[in-house]
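**Q** Below, each chain spelled out in residue letters.
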Amino acid sequence: MQDRSRSKEETVDALHAVAAEMHDRMMRGEPPRMTLPVRSKKNIAFDEKLNVYKYGSKKTIRDATSLGSAHQLLRALHVTEFMEDMIESKKSSTLREMYYISEGWGYGKFGSQNESNNLAEDLEIVTGCLREDFKLRPEEDGARIIGNLTFQERNRRGEWMRINCRDDVGDSGYGVPYNVESEKLQLVEHDIDFMMAIETGGMFDRLVENGFDELARCGLIHLKGQPARSTRRVMKRINEEWGIPIVVFTDADPWSFRIFASIAYGAIKTAHISEYLATPSAVYLGIESGDIEAYDLPSDELTPRDIEALKAEKSDPRFQSQEWIDQIDLMLDLGKKAEQQSLAKYGLDFVTDTYLPEKLQQKLGLVIG
Amino acid sequence: MDKAQRIASKQKQISISEFFEKNKHFLGFDTHQRAIITAVKEAVDNSLDACEEGRILPEIHVEIKRLEGDRLELVTQDNGPGIPRDSIANVFGKFLLGSRFHAIRQTRGQQGIGITGVVMYAQLTTGSTTTVLSKIETESTAVRVDLALDTKNNRALRSNEDRIPLEEWFEESGIESLHGLRIKTVMAAKYQRGKQSVHQYLRMTSIVNPHATIKLKVIGKDGEIIDEGEWIRTTKILPRPVVEIRPHPHGMQFGTLQRMLKNTKERNVKSFLRKEFEKVSPLVSKKILEHAEIDEKRRPSGLSVEGIQNLLSAFMAVKIQAPPTDCLSPIEDLLIKKGLEKAIDSRYAATVTRAPTVSQGNPFQVEVGLVFGGDLPSDGSVEVLRFANRVPLMYQQGGCLLTKGIESIDWRRYGLEQTGGKGVPKGPAAILVHLASTNVQFTSEAKEAVSENEEVLDELRRALFEVGRGLQGHRKRIGQREKSREKFDLINKILPEIASKSSSMLGRPEPDLSPIITKIMNAVFCEEEVIWDAKEKLARCSIKIYNYTARARAYTIIVKWPERDGVALVENERGGRKETLGLWAWRLDAINPGGMTEISFAVSGLSHGDWKEAEVFFRGNGEIIGSERIDESLLEEIRKQEGLKGVVEEFVEESPIQSPMTEVASEGDSSVEANGEEEWKSGNTLF
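Chains A and B, in that order, are what the protein sequence lines are.
Per numbering that gives the first Met the number 0, residue 0 is the first one in the first sequence, and the count goes up by one each step.
Per numbering that gives the first Met the number 0, residue 0 is the first one in the second sequence, and the count goes up by one each step.
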């Protein structure tokens, strides 16, 4: 992402341009406004050149003719001012801190943390900067990694530390920092054949305990639900810089499909930087809808919310391939979903001895052990 | 008395107790919790009926004390006419079952078995006597007597009878009245709070009896107060005296007719029909008998079963006028509103009293009230308050026709939540339903749920639609007000901050906001407010018209106000003119872009809460947010009706006219409240 990092002056100029758009219009006697791409699944399109989903050409104009939008504009100005201050004073703050600081902004106060997160993303989009440029940090901590990979991370004293994710870490693995750009994190060396992203902590720990990283010569990365930007970015770098395939192992439910989509195709909320975050070659390993029957897994009924989510996915441009249509339709037909840990029905080793080797052979042609 | 006689009398005594025991579920004494409610209900209903007959504004105090061993002491005190010494034993000692089935009119006492049941229950469960203290106006002292029931002879046994001097009466009764009745008894019962409680019963009673002041105090074993309530009268107008009517042929059933034929003093069937029924003229009587093929001269008691059946079918075949409806006592919408406001704090109240109508020979009338907003809880179902002949119905809500009427309406279109458009709606509201009828049909002897009746349901639904539409209008006005407020916030608070922040950040000059404001608002807004000036006893109304368009705008503003006798527009500096009854109009000078004009006036002769919201209409070009364009054709229609035809009438303050209702009120200037109500009602439904 080095090519996208902005200098201090560039960032401030970009932020001022937002204020200037408002001011210019007011000088012409028009209500102030901000122009943004529409940030929904209706406005994401596949970018042939970048091989990921990006925002399309639909724009939304946020102008001060309604109270809600006017609040947003005022907030944007407050946030801009706050970011300028941080850039000047060389501080950084978390998104949550910014939300609390907004308490003092009068009418510019945020109603919820979600609003402040969204506005930070809006500003990334209109300025072309990244939140790192704004000195904003996310709240969520990054993923955990275990496996024979060696990184170099710059610590708080500014020194480079060499860390092997198998030998230099405890059972919880290497914690991925929120900034994984090369000024902070460098990929040194590895001895693995592929990287496996795992949705749940329970399954991650199971694979670690069973020594699957050594057994299958792979790196394991715990996604912690919907993966944070840094998690997706570090997978993207491993994939690109080392040429290592990424496989994704999740529950079988509509939300897991979305986790995979955000890794492989780009997330709707961050479609403006999909090319930096998404790994188009990532492979969905399982659990697939068909596995519920094929392996006779313990399952739960789909809830009305699950069914809604599956139906929504059918109109999501990212799920239009035949494979995904089949996957979604089959789940709707079965009316069932299953967790990763349902594999324990056949014993604790079943996942590492049988399920994963079978799936890896089927999807990647890899023979384990 | 020999042995056999003693046994026989004992058996008889047991059988009356047994009757009570066996039927206590529909007599209302089946559980300890319900027993106290029923006892209070019998006493309070009697008090209200007695006050109504005596044309007295009721003041009723209920005091309940917890005693050892699941017993309660109940004391009720009223300021009614009292009972003459010689009648006390009769009133309290006899079951008055079926005593006046001939007279048809709307009374509370239709339900339950009366106060005798309470005396009996107390005696059976605790062995205690019931103490009655009665003071009638014409006597200088009060009577105190302890009563027990002689179940064998269906009469009361008196003991400890005493005369009480006036000062002692004042002290013991706790009311300053020269007449009244105090009842004290002890019974096996349990006091509980909640939806089915004495408190709820009295609260509901106070809603439909806005002319009554009711107080409740419940005291624990250690003298602590467990529960209390106080509902002060909000009007001094007594319910209209009800007229007794005879039965109407259309409502007849076989058994009733048979009994009437047997008991009548009339010697032939023709005079029987004429004298014992409403709307049976000599001609009608002749036609009925011809149709039934019964000789006019026949003795009424001599009719065969077949003959009675023929008579019944003739009743339906011959054309007979509908019965009179002045035997009903509706609460009337203004008073329902006052009653509801007495018990429930809300933002908005709408009430409808339908015209009386007839079902199967029985006159009936439906009334509905709806309150919304304020402190009412917005989660959960709306409170349904059911009444039959002013008596609260507290049990079997689900099986009651009155509930079914509410459930059958799609309240979603009126702004209440309702799953699938069916069932009791949810939201911050309460719905009152009152059925007044000479013959309320219940689903069972418990008399807690009104049974199915197409005509009643139809009337009920019409009334509910009407209050629903009122609610819809209110919500629309609230919505528009909210929208205007948002816009005002936007231009007065947010926009100036955007301007100053962006200017200072960029180091540029501040923009002129007025053209931007015009572009953002691009509308004319109306803000309306009615506040109660407690000191001056005036409802003060202020209407502000803001022009946020690029052009000057000129309008005539028309405001609906609660015009009626005794109510006047005052402090109206802008003058204006009367548009029609209840509508006042002001022609305003052109308002320039960015300008504002205010109309302010006050209305005298109202009480607090009578008028909370002014409806504002306009005439002129361009819409006004927060106001509706006046419907000229409707206006023309009203003018024709009033014979005003556009006559410009300068405002003249009128002196209140005494209404015929004043005679019933004991004190104060209460006349204005009901008078002129008809016109106000019609004005109410026109827009």
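Check each hint, because a few of them may be wrong.
[Claimed, not checked] Facing chain A, from chain B, some residues (calculated, C-beta under 7 Å):
{"id": "1", "residue": "VAL383"}
{"id": "2", "residue": "LYS492"}
{"id": "3", "residue": "SER499"}
{"id": "4", "residue": "ARG507"}
[Stated by the list, open to error] Residues of chain A clear of chain B, computed beta-carbon distances all greater than 12 Å:
{"id": "5", "residue": "TRP104"}
{"id": "6", "residue": "GLU292"}
{"id": "7", "residue": "ILE327"}
{"id": "8", "residue": "TYR345"}
Worth flagging that the hints you see were computed from the coordinates, not collected in a lab.
Every residue gets a Cβ at the ideal spot worked out from N, C-alpha and C, and that includes glycine.
**Q** Quick check on B:SER499 please, does its C-beta sit within 7 Å of some C-beta on chain A?
**A** 10 Å, violated
**Q** Compute the least Cβ-Cβ separation between A:GLU292 and chain B, then decide whether it is above 12 Å.
**A** 36 Å, holds
**Q** Could you check if B:VAL383 really has its C-beta closer than 7 Å to a C-beta on chain A?
**A** 30 Å, violated
**Q** Once the closest CB in chain B is found, is it more than 12 Å from A:TYR345?
**A** 44 Å, holds
**Q** Under 7 Å is the threshold here; is the Cβ of B:LYS492 close enough to any Cβ of chain A for the hint to stand?
**A** This interface hint holds because 6 Å falls under the 7 Å limit.
**Q** Hey, does the B:ARG507 contact hint survive, CB to chain A under 7 Å?
**A** Hint holds; B:ARG507 Cβ to chain A Cβ min 6 Å, cut 7 Å.
**Q** Classify the label on A:TRP104 as holds or violated, using whether its beta-carbon is more than 12 Å from each beta-carbon of chain B.
**A** Incorrect as stated: the minimum Cβ-Cβ distance to chain B is 10 Å, not above 12 Å.
**Q** For A:ILE327, which was marked as not at the interface, is the minimum beta-carbon distance to chain B over 12 Å?
**A** It holds; A:ILE327 is separated from chain B by about 29 Å at its closest Cβ, greater than 12 Å.
Of the numbered hints given earlier, the model fails hints 1, 3 and 5; all others are met.
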